[in-house]
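Student: These are the residues of each chain, in order.
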Amino acid sequence: MKAGAPCPYRAVTFRLVPVPVITATGLTKRYGELVAVAGIDLEVAPGESFGLLGPNGAGKSTTMRMIGAVSTRTSGDLQVLGLDPDTHGPEIRSQLGVVPQEDNLDTELRVRDNLIVYGRYFGIPRAECGRRADELLAFAQLEEKSKAKVDDLSGGMKRRLTIARALVNNPRVLMLDEPTTGLDPQARHVLWDRLFRLKERGTTLVLTTHYMDEAEQLCDRLVVVDEGRIMAEGSPASLIREHSSREVVELRFGSRRNEAAAERLEGLGDRVETLPDRVLVYAGDGEAVLEQVARLGLHPTTSLVRRSSLEDVFLRLTGRSLIE
Amino acid sequence: MTATTTSEPTRTGGVRALYSGNAGAVLGRGLLAARSSTWVVVVSGFFEPVFFLLAMGVGLGTYIGDVALPSGREIPYAAYIAPALLAVSAMNGAVYDSTWNVFFKMHFGKLYQAMMATSLGPLDVALGEIGYALLRGVVYATGFLTVMQLMGLNLSWTAILTLPAVLLIAFGFASLGMAVTSYMSTFQQMDWINFVLLPMFLFSATFFPLSVYPEPLQWLIQALPLWHGVELIRGLTTGELDGATAVHVGYYAALVAIGVVVTTRRLRALFLD
Amino acid sequence: MTTLDEATGAAMAGAVRPRRFGALYVAEHQLRAMRSYGWTIVIGGLGQPLLYLLGLGLGLATFLDVPVGFGPDGPVPYVTFVAPALLATAAISVTTEEFTYTVMAGFKWRRIFWGMNASPIAPAQVVGGLVLAVGARMVFVSTAYALLIWAFGAVGNAWAVAVLPLLGLLGGLAFGLPLLAYSASLRDDAGQFAAVQRFVFTPMFLFSGTFYPLSTLPVWLHWIGWVSPLWHASELGRAVSYGAPMSGTTVAVHLAVLLGLTVGGWFVARRVFVGRMHG
Chain A
1 MKAGAPCPYR AVTFRLVPVP VITATGLTKR YGELVAVAGI DLEVAPGESF GLLGPNGAGK
61 STTMRMIGAV STRTSGDLQV LGLDPDTHGP EIRSQLGVVP QEDNLDTELR VRDNLIVYGR
121 YFGIPRAECG RRADELLAFA QLEEKSKAKV DDLSGGMKRR LTIARALVNN PRVLMLDEPT
181 TGLDPQARHV LWDRLFRLKE RGTTLVLTTH YMDEAEQLCD RLVVVDEGRI MAEGSPASLI
241 REHSSREVVE LRFGSRRNEA AAERLEGLGD RVETLPDRVL VYAGDGEAVL EQVARLGLHP
301 TTSLVRRSSL EDVFLRLTGR SLIE
Chain B
1001 MTATTTSEPT RTGGVRALYS GNAGAVLGRG LLAARSSTWV VVVSGFFEPV FFLLAMGVGL
1061 GTYIGDVALP SGREIPYAAY IAPALLAVSA MNGAVYDSTW NVFFKMHFGK LYQAMMATSL
1121 GPLDVALGEI GYALLRGVVY ATGFLTVMQL MGLNLSWTAI LTLPAVLLIA FGFASLGMAV
1181 TSYMSTFQQM DWINFVLLPM FLFSATFFPL SVYPEPLQWL IQALPLWHGV ELIRGLTTGE
1241 LDGATAVHVG YYAALVAIGV VVTTRRLRAL FLD
Chain C
2001 MTTLDEATGA AMAGAVRPRR FGALYVAEHQ LRAMRSYGWT IVIGGLGQPL LYLLGLGLGL
2061 ATFLDVPVGF GPDGPVPYVT FVAPALLATA AISVTTEEFT YTVMAGFKWR RIFWGMNASP
2121 IAPAQVVGGL VLAVGARMVF VSTAYALLIW AFGAVGNAWA VAVLPLLGLL GGLAFGLPLL
2181 AYSASLRDDA GQFAAVQRFV FTPMFLFSGT FYPLSTLPVW LHWIGWVSPL WHASELGRAV
2241 SYGAPMSGTT VAVHLAVLLG LTVGGWFVAR RVFVGRMHG
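Protein chains in written order, with the working numbering: chain A, 1 to 324; chain B, 1001 to 1273; chain C, 2001 to 2279.
It is worth saying that the hints were derived from the structure and are not from the lab. A few of these clues could be false.
Restricting the straight-line Cα-Cα distance to at most 27 Å, the calculated cross-link-like pairs of lysine-lysine (DSSO-like) are [stated by the list, open to error]: (1) K1105(B) with K149(A); (2) K2108(C) with K199(A); (3) K2108(C) with K145(A); (4) K149(A) with K2108(C); (5) K1105(B) with K199(A).
Values in this document were obtained by computation on a predicted structure and should not be read as measured data.
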């Protein structure tokens, strides 16, 4: 907040209840008969890192496109930076950075030129574009690839370049649609590290993901979305606390014996969930459950006690697995 | 380890490593793909020379009248350019199939990598692709020859021999095209192929006799492949056969031989080394 | 941290330049990308006219028994007659590449239109930028042609050398913008572009009075000329180049058809782009 803000009361109010940068109420998108987004309410505060977690086809990307002012809503209300995307699309987009699910870098231009050309779309003067390009190449750890062809970059490098490109206008809100899908574990960690730095700088992040570890790593707060609706909302820790137990015991009896074993496990822990390949027992104390299983005379081929994750939350809320 | 001494297998690496005698499988795939591709594109290969024949031969022919052959015999303009258009269409089809098509499959479709993972060798692929191009070429040529017959532009019974001649011409261009394509790595380089085709198309006695040019230019054109193709086909449809006909056939036989040898070498370098 | 009012203000300010100059930014991008095949454009732009003028204008012309084109003072050389039509053809043929495969690439292969869409650029500005960049290429190609025609002495006056490229541009847009609208409506290329090339462009090139007056063709083929931007542009070009006799009404009709196709095509193309990018 700049010194000498016009109204001190406002600044105080702001600190207590931050004015959201994104507000949606009853946000709906229909394509003919198909309802992609079925009345979503959400608010994103400045500097917050906000996630939409859900399986493919849940309506996450459509919601992102509406917030990104490239898809007109069917009904409901939506304000981004205090503006209506229907009437102020270019204004809103001038303050957003967008990292799409599928890279759309220009393969006919070299790495640095991609940043410059993109900067021009925001009306940034050519010389300034060049300066920012160099800065962003450093941030994305791509300085040595400045003159390389886009096609010669690895998948992780392309993603980092896409993120660098999304930052060329110093966006207030960075929107990331499935940022690490398709990357190997090492490339994902490099990318998370870069996003974490942005978060520390105070950039608002809005991201979709169907990876719970990603949501846990990056999001302060998230909504679980399924079939165009919000199923739950909260911080990763609070969601786990509310919708799952502290620990989970994973038992594998072999695909044909899981069902039968599950029947005998009924009553153990808080809840028993049977999946095709394993049986999950939710409980506060996993080790205690394991002992009970042994006392019942059941001998799983493998057993594992782990902490509850968002995957379990999702399973609880929808009865389905996140990655199918 | 057993002590039996097996004779060290000789490193043949010759044709056996490149060719499994199964070019037919590649050709068959081409036919299947053609069936599922848009029929308009396949059909268009027939219509293009017909359009040219009607517009230039018939339309422009009204301003030109008869054209003299080297023997001094005068024939209608349409009968003069029709065989040339047939040779051009054989060239275009063969070049397209052996350059753009092959280039795309090699660099983008990754089709060849998949084929190489089977028992097929590079030469199977090359011959299969060329075979498919030739088959298409002959079908188009038959159609065009029928149109010529209906329009009364086949002046001699030897016109029927244009079918094998078209095969030879297409084979020559296809093997040459494939050899050239094996050296290409970018789309921009591929564009140069068009820059070679256009002048050949316009100047190889296609639309008018070579006599308009100064002598050195005539020699240059006579060194290029299309001129031999045009003259070969024109000789057959007009019935003007002489020693030159044999030269044209020999030219293409040499072209085929060189093209196949170079292509084989390159494929070995690209896929096996 | 900033207040919402400050953010809203920044947004309002941030969109001023993109709203005003967005189409120019898109054109800048397209022209930069064209540099990667710049040599093809230059060599093709100069080489092709040279070959056609030599081959058809001079080579073929020697075999013509009857004059084909007439100016106010009688017959004109054949090369003078075909040159304006060849120039318009060259401008139009730019669009069979830039308004087909390039558009499919923008939406599907290179996907760069989606990158533009996430920026403050509006879909209509994407169309505007494409038209500017491709228009620039058409002007380059037609200007090279006009200068060569001049060098061949196949044009009546220097004034025509300046006007012919503009007619090339108009012809190119009249053909290209409806094509752009069509290309943008396609989700996939299953041979449609090749079909356009062979069943629309080639017949148009051959039967639009390019090589001889339309009246030479049987009456039932004249419609090809009437709907063909190439014929309208060629006829105007002949009037400009060597004063081919033409009534004021005819000039107006030719211009009206070319402008109508351009404006109509542009309008539809914009709608298709908006529908696809902001649906």
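Student: Now, for every hint given, state plainly whether the structure supports it.
Tutor: Status of the hints after comparison with the structure:
no.	hint	verdict
1	K1105(B) with K149(A)	21 Å, holds
2	K2108(C) with K199(A)	32 Å, violated
3	K2108(C) with K145(A)	25 Å, holds
4	K149(A) with K2108(C)	19 Å, holds
5	K1105(B) with K199(A)	44 Å, violated
Violated hints for the displayed structure, listed by number in ascending order: 2 and 5.
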